[in-house]
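The hints should help you fit chain B onto chain A, whose structure is shown.
Now for the letters of each chain:
There are 2 protein chains.
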Amino acid sequence: MNRIKVKCPGTVANLVCGFDILGLALNEPSDIMELRLLDKPEVIIHNRDNYNLPTEPERNVAGVVLLSMIEKLEKPVGFDVTIEKHIKPGSGIGSSAASAAGAAVAANLLLGNLFSPDEVVQFAMNGEKLASGVKHADNIAPCILGGISLIRSIHPLDIVSIPSPDLFVTVVHPQIEVRTSDARQILKQQVLLKDAIRQWGNIAGLVTGFMKNDYDLIGRSLEDVIIEPVRSILIPGFDEVKKQCKEAGALGGGISGSGPSVFMLSRNEKDARVVETVMKDVYTRIGIDFNTYVTTINKKGVEVVSGE
Amino acid sequence: MNRIKVKCPGTVANLVCGFDILGLALNEPSDIMELRLLDKPEVIIHNRDNYNLPTEPERNVAGVVLLSMIEKLEKPVGFDVTIEKHIKPGSGIGSSAASAAGAAVAANLLLGNLFSPDEVVQFAMNGEKLASGVKHADNIAPCILGGISLIRSIHPLDIVSIPSPDLFVTVVHPQIEVRTSDARQILKQQVLLKDAIRQWGNIAGLVTGFMKNDYDLIGRSLEDVIIEPVRSILIPGFDEVKKQCKEAGALGGGISGSGPSVFMLSRNEKDARVVETVMKDVYTRIGIDFNTYVTTINKKGVEVVSGE
Numbered sequence: 001m002n003r004i005k006v007k008c009p010g011t012v013a014n015l016v017c018g019f020d021i022l023g024l025a026l027n028e029p030s031d032i033m034e035l036r037l038l039d040k041p042e043v044i045i046h047n048r049d050n051y052n053l054p055t056e057p058e059r060n061v062a063g064v065v066l067l068s069m070i071e072k073l074e075k076p077v078g079f080d081v082t083i084e085k086h087i088k089p090g091s092g093i094g095s096s097a098a099s100a101a102g103a104a105v106a107a108n109l110l111l112g113n114l115f116s117p118d119e120v121v122q123f124a125m126n127g128e129k130l131a132s133g134v135k136h137a138d139n140i141a142p143c144i145l146g147g148i149s150l151i152r153s154i155h156p157l158d159i160v161s162i163p164s165p166d167l168f169v170t171v172v173h174p175q176i177e178v179r180t181s182d183a184r185q186i187l188k189q190q191v192l193l194k195d196a197i198r199q200w201g202n203i204a205g206l207v208t209g210f211m212k213n214d215y216d217l218i219g220r221s222l223e224d225v226i227i228e229p230v231r232s233i234l235i236p237g238f239d240e241v242k243k244q245c246k247e248a249g250a251l252g253g254g255i256s257g258s259g260p261s262v263f264m265l266s267r268n269e270k271d272a273r274v275v276e277t278v279m280k281d282v283y284t285r286i287g288i289d290f291n292t293y294v295t296t297i298n299k300k301g302v303e304v305v306s307g308e
Numbered sequence: 001m002n003r004i005k006v007k008c009p010g011t012v013a014n015l016v017c018g019f020d021i022l023g024l025a026l027n028e029p030s031d032i033m034e035l036r037l038l039d040k041p042e043v044i045i046h047n048r049d050n051y052n053l054p055t056e057p058e059r060n061v062a063g064v065v066l067l068s069m070i071e072k073l074e075k076p077v078g079f080d081v082t083i084e085k086h087i088k089p090g091s092g093i094g095s096s097a098a099s100a101a102g103a104a105v106a107a108n109l110l111l112g113n114l115f116s117p118d119e120v121v122q123f124a125m126n127g128e129k130l131a132s133g134v135k136h137a138d139n140i141a142p143c144i145l146g147g148i149s150l151i152r153s154i155h156p157l158d159i160v161s162i163p164s165p166d167l168f169v170t171v172v173h174p175q176i177e178v179r180t181s182d183a184r185q186i187l188k189q190q191v192l193l194k195d196a197i198r199q200w201g202n203i204a205g206l207v208t209g210f211m212k213n214d215y216d217l218i219g220r221s222l223e224d225v226i227i228e229p230v231r232s233i234l235i236p237g238f239d240e241v242k243k244q245c246k247e248a249g250a251l252g253g254g255i256s257g258s259g260p261s262v263f264m265l266s267r268n269e270k271d272a273r274v275v276e277t278v279m280k281d282v283y284t285r286i287g288i289d290f291n292t293y294v295t296t297i298n299k300k301g302v303e304v305v306s307g308e
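Line by line, the protein sequences are chains A and B.
First residue of the first sequence: 1, per this note's numbering; consecutive thereafter.
First residue of the second sequence: 1, per this note's numbering; consecutive thereafter.
No lab work stands behind these hints, which were simulated from the structure alone.
Wrong hints could be hidden among the right ones.
Which copy is meant is left open, so a pair is good if it fits within one copy or across any two.
[What the hints assert, rightly or not] Straight line, CA to CA, 27 Å or less: simulated DSSO-like cross-link-like pairs of lysine-lysine:
#: 1; residue 1: 75; residue 2: 5
#: 2; residue 1: 194; residue 2: 72
#: 3; residue 1: 40; residue 2: 300
#: 4; residue 1: 300; residue 2: 212
Excised from the complex, chain A in its bound form (with noise of 0.2 Å):
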């Protein structure tokens, strides 16, 4: 195989109460890239979008993943990418780990799965590097792998797939800009013991509510007395949306990565529509401009389209 199309799908960070470790990938938005083999270690990219970021392989996030990638083989390889963006860059709802997922899978494929999947996601890692400065991989798993993903540990990697019932995930990217390293940069290096500790308690209660499918339960735990009270201050309009978003029927939900794009879980497709029509009349009022997405969990992550 000398060329490859994937789909790569986006994905919610952070889920609420699982800064840093837990993740799902959505059925839209997704991105599409394309790959060719080059007998040269070089990597040459196109933008197919209106994005304009950088065609530099340093200063791109495909690039840099395929640029790491290109180091460890032996055989002089390179890489000629086309790159197609839905998931638009800065929205929180993991367009740089869509980038970086992409390239690593479909590299990978092309050079005949010569690295294991840690391997692999380990070399998507340094497009989040890049992107955000911290090699986190709560976007990264997930789109790789689909479904909710774990992080349980990074160093050494410990990635692990939660079972989920379907959910429908309502998502609205307010266009204002927050870049994730201020969102980190605002978050204060300690934090109180009873905090963290109701904090796990909701991180735990998430979990067995996926694998229990108890719907109120997963509710009850979307909570996050940590992270959110001082991101949600970059995000016009999060109290308002969350609070008339729950009041619609919405299990609960947050800020999607480190924002400003905000999901909600509905136990139903009604309930996601009725959430997007809230999310959609409180920005209308607030006067700032938004996409909203209704989808789903999606369960293949990044996706083959097309090999030859």
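Coordinates of chain B only, in the frame set by chain A:
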């Protein structure tokens, strides 16, 4: 029914990474309690053991539980209580919780299940308040319900049963005194966010491991970067016991509750017996008296032995 005899299991709280939110019930040791209805609002306590615990109801764990229950009753009712403790007070395997939970469950049965399960837990928590100064439920809940309990939240009370595979539990109780209140006071009120993140990764991993019957994941997740480094200093031989037990085949383990008992989980009885030998060797060499138990998870919780 005017008289009831119940068996009240010992419990292991915290389960390493789940400080204040996780606990499991043991098949050994357990207390026996006998309650008799009285027609006056009073509590009479008889100790049928050698621990010299207070018999004034206001100073007795079972006593305060029953007094708090009597306060809520419209009719003049009291209880005559005989306690036969086998769970040594101060051992760290839920001695006070057994008395508190046993009293609450037995009294409620004598009252014809007047109170809801959550109310029974709430009454029992008054006993923990007397014993340790804090109303925690991570011994009470598994003692009453059996199995592994998650206390997602105390306010409001939210208890979730966590399914688990068969596990063997080896406990060593070195005969030194660690007061629960002291063990709480030495904890730092603030923790590093990065440590909290590591901890909640482990908690999510542990719960997932239990529910997926994944012994290796259970083992990897039995790591505590917040409480154990501080509290283990109070327990001579802790680091050595832990290291050697894991080398001998234990999945992992740590301080039981606030200590001084140390527990280890194993996947089969053979491993659990080898672990017991290791524990005995370490404490024999250090020269501290000890008890050990090799047991399994109690799935029933407080159990009626007889009633008439």
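Copy assignment of residue 75 with residue 5, given that the CA separation must stay at most 27 Å = within (23 Å within a copy, 76 Å between copies)
Under a CA distance limit of 27 Å, which applies to residue 194 and residue 72: within one copy, between copies, both, or neither?
-> Answer is neither: 45 Å inside a copy and 30 Å across each miss the 27 Å cutoff.
Up to 27 Å CA-CA - residue 300 versus residue 40, copy category = neither (32 Å within a copy, 66 Å between copies)
Give the relationship of residue 300 and residue 212 under a CA distance limit of 27 Å: within one copy only, between copies only, both, or neither.
-> both (21 Å within a copy, 20 Å between copies)
The structure shown violates the earlier hints numbered 2 and 3.
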